[in-house]
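Residue numbers (our numbering), protein chains in the order written: chain A, 1 to 244; chain B, 1001 to 1319; chain C, 2001 to 2294.
Quick caveat, the hints were computed from the structure, so don't treat them as lab data. Even glycine gets a Cβ: it sits at the ideal position worked out from N, Cα and C. Just so you know, not all the hints are guaranteed correct.
[Unchecked claim] Computed Cβ-Cβ distance ranges for the label pairs, DEER-style: (1) B:Y1235 - C:P2072: 40 to 46 Å; (2) B:A1154 - C:V2263: 43 to 49 Å; (3) B:P1114 - A:D13: 33 to 39 Å; (4) A:V120 - C:Y2145: 53 to 59 Å; (5) A:A104 - B:N1204: 38 to 44 Å; (6) A:P122 - C:R2167: 25 to 31 Å; (7) C:L2282 - A:L54: 53 to 59 Å; (8) C:R2167 - A:G133: 17 to 23 Å; (9) B:R1183 - A:A10: 35 to 41 Å; (10) C:S2222 - B:S1233: 21 to 27 Å; (11) A:V120 - C:R2167: 25 to 31 Å.
[Unchecked claim] Cut-off 16 Å, straight-line C-alpha distance, at most; resulting in silico cross-link-like pairs (EDC-like, lysine to aspartate or glutamate): (12) C:K2035 - C:E2095; (13) C:K2099 - B:E1193; (14) A:K211 - A:E23; (15) C:K2099 - B:E1283; (16) C:K2035 - C:D2123; (17) C:K2035 - C:D2180.
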Amino acid sequence: MLEIRDVEVAYEDLQAIWGVSMEVAAGEIVVLIGPNGAGKTTLMRAIAGLQPPLRGRIVLDGAPIQSLAAHSIVERGVVLVPEGRRLFAGMSVYENLLLGAYTAKARAAQAKSLQRVQEVFPILAERRDQAAGTLSGGEQQMLAIGRALMSLPRLLLLDEPSLGLAPLVVRDIFEVLRQINRDGVTLLLAEQNARMALELAHRAYILEQGKVAGQGTGPEMLASDHVRRAYLGYVTAGEEASEK
Amino acid sequence: MRTAPPWPARAAERFTGPAVLLILIAGALVVPQLTDRRDTITLLFLVFLYIALAQSWNLLAGYAGQINLGHAAFFGVGALVTRDLWTKEDVPFAAAFLAGGGAAVLFALAVGIPTFRLRGIYFAIGTLAMAEALRITVSNLRPQVTALPAQALATYDLEPRYYLALGLAVCTVLVAFILPRTRLSLGILAVREDEEAAEASGVNALAHKLAALVLSSFFAGLAGGTFAFYHVSYYPDRPFFPIWTFDAVLATFIGGVGTLAGPIVGATFFIVVRDRLAVEVQEVHQAIFGLLFILVVLMLPGGLVEAWSRARRLLRRTR
Amino acid sequence: MNLEPIFQNLVYGLFVGGLYGMAAVGLSLVFGVLKVLNVSHGELLMLGGYVSFTLFDAYGVDPFLSIAIAAPLLFLVGLGLHGGLFRWVMRLHEEAKIKNSLLIGFGLALVLENLALRVWTADERAITTGYSGEGVTLAGIVFPYTRMSGLVVAFMAVMLLHLFLTRTYAGRAIRATSEDWEAASLMGINVQRTYVVAFAIGTALAGVAGTLVSLGYTIAPSIGLAWTLKALVVVVLAGLGSIFGAFAAGILLGEAEATSIYVFGASYREVVGLVLFIIVLLLRPQGLFGRRVR
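The shape of chain A in the complex, shown without the other chains (with noise of 0.2 Å):
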């Protein structure tokens, strides 16, 4: 579905992506894990058309559209929920996630939408005229992944959806994600917490200073060496009993 070949971004002046080739294909769920400032978020950004790639190819369904504007992009079913959910804080839930539905397709469809993320996250229903900068760390980023599915997504992006969450939290939205690629949806996630994210993930790439260090299945990564030393080792003690 989603083909990225030798891509090359610069962000600020300075190259953060050198080089990088990945696939996504329709129905998978794709982590991306590596250190902070690897350039996680800037490939997102480049593929979701904030940030045109210097050379290189990205290319959906066949078609290249690493030069195509952000709201085009959209347009094609590629949405992306950005690091730090970038809500409109002065409108409410309500608003937010009409914004969501805008283009042309996604309008058509916006009730039906909105229904069903109203299931999905019920606290939204509840919290509909409220302030968006007034809700909970959670409940942001489950507005944020909400808004994002009003935009009929065919391809979803999220660039560290748990940042900042606790944990508890954090299971509930990957839950989430579970059942949203069980729907249809084909997911690109790029992530810090590596545990969580390679247990959802059906396969995984390592960025590593803006080159891809290492590929393969969710469980493949799991069990590597390397993976085990560097990114599983981040979670701490108290995260692991929490979690038991």
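Position chains B and C against the provided structure of chain A, taking the given hints into account.
Then chains B and C, alone, in the frame of chain A:
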């Protein structure tokens, strides 16, 4: 706004620039001896006045990166103080002239210290508001025309006005020339590029901005004094009108903001074109300069100076 | 003590304040969405006034009706100005964008003023309709028809704008873009097109304000700067983010000016606004109703 083009590095250019200037100055010195034509001398007077006005504005804008839209206030204060001291208090002109410059500096400091807390566009519109408030106040407090007393009127001679303006223009250009070569300038340039980074490196941004402001306002005030010396009679609020700021801004940008030659080229171009177009109906020069200005901002930030150096490079390549 | 003149003054302050608010709303919209301070706003207002004046003078169109022509016309002008000029600076970094747009607006103001000078000459114009001198008198205080209608029109325009921004998708897109343009583009919103539309709406609003000015005041090519400053003062007073805040701040300014007449005299009316402006800039940059600190 792009960084100003670097001062010419190549040795040949180092000498042609100043050489040309010296020739021009020598020529200017001689003009009143060669001709009696009032309109020529007046035209040149205006050129010199505008060079001083534009160059003084450039000190703050091109050099320190602060767009001051209240420049007319300095011009006006200088004119007001000089005129009053000279015509009403019988102070000898030289002293009144310098006092005008000094008054402009005092005003600038009084107003600049709070205003410099504003950044970028807020500084621009804040200074504009201040200048306008001052203009209206002066307009209310001094509604009567200021006219030269009979004695001064009888002995009115255009030549000293001419030389005063020439001298002022030369001094302003000299200061603009020397300033980048001083230690003070390093700090100012650092503030222009990135104020916060400069502060973090220990540069007292405010002090440096004030230094540029002092120079800018002093010469604008002297320009105002020149205005007061030149005109026989005018309404005291006239030198406070924003048109003086806008003309300085136009001339500087069209010439090339942040460069040494920019205000010189721009002011000359401005006055000469305006004079040539004076036959046309209703100030069409304003529209032309406005369009040129927009063009410069959008496509040629270095102004005529940059256009000139590009043309020269092009010619060199085709040889 | 005779309170009548004081109340009369306050009433006039209300009317002129509504006009100030109207002048500011367009500027506030453009500044909020594009982050660009269009200093030729006053000239656009002036153009709107001239359109109405011409329609009245040549065809006898009532100024309130001519709004229906002036507003769309100025909307088109706004489309052209953005597409031809301001568009080029929108892609720049924030600081460069603000500086360059300030300069472009400045150049544009000169060109527009000169254009008006050539088309309409420097003469001051005003619209005097059949009902211009008349009004309602309540408790000894005069409420002129033109000013009252002007206030009502201004309020209705602001109301319409508010409804547009809160009830329509296009309006929501504008608000989203002004909050976070990248996030807005991730919603599928064409940000460049939103900029154009917002700018055009701002210009149209300036045109409406101009029409109201031509009724109660004079129109001349030189009024641009004064009205730009007036609108600026109100925008800064109000802070960003609130359309009604801009309208309210306009009225506040009108009343402040009206009251100041008793203390400083009529000739310092303009100064009051400018000084207030500077004080607010220095002490409370987010304005009275603004939600974001600069």
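Okay, the hints, checked on the actual structure:
{"no.": "1", "hint": "B:Y1235 - C:P2072: 40 to 46 Å", "verdict": "holds, 42 Å"}
{"no.": "2", "hint": "B:A1154 - C:V2263: 43 to 49 Å", "verdict": "holds, 46 Å"}
{"no.": "3", "hint": "B:P1114 - A:D13: 33 to 39 Å", "verdict": "holds, 35 Å"}
{"no.": "4", "hint": "A:V120 - C:Y2145: 53 to 59 Å", "verdict": "holds, 58 Å"}
{"no.": "5", "hint": "A:A104 - B:N1204: 38 to 44 Å", "verdict": "violated, 56 Å"}
{"no.": "6", "hint": "A:P122 - C:R2167: 25 to 31 Å", "verdict": "holds, 27 Å"}
{"no.": "7", "hint": "C:L2282 - A:L54: 53 to 59 Å", "verdict": "violated, 44 Å"}
{"no.": "8", "hint": "C:R2167 - A:G133: 17 to 23 Å", "verdict": "holds, 21 Å"}
{"no.": "9", "hint": "B:R1183 - A:A10: 35 to 41 Å", "verdict": "holds, 36 Å"}
{"no.": "10", "hint": "C:S2222 - B:S1233: 21 to 27 Å", "verdict": "holds, 23 Å"}
{"no.": "11", "hint": "A:V120 - C:R2167: 25 to 31 Å", "verdict": "holds, 27 Å"}
{"no.": "12", "hint": "C:K2035 - C:E2095", "verdict": "holds, 10 Å"}
{"no.": "13", "hint": "C:K2099 - B:E1193", "verdict": "holds, 14 Å"}
{"no.": "14", "hint": "A:K211 - A:E23", "verdict": "holds, 14 Å"}
{"no.": "15", "hint": "C:K2099 - B:E1283", "verdict": "violated, 27 Å"}
{"no.": "16", "hint": "C:K2035 - C:D2123", "verdict": "violated, 35 Å"}
{"no.": "17", "hint": "C:K2035 - C:D2180", "verdict": "holds, 11 Å"}
Violated hints, in rising order: 5, 7, 15 and 16; the structure is consistent with all others.
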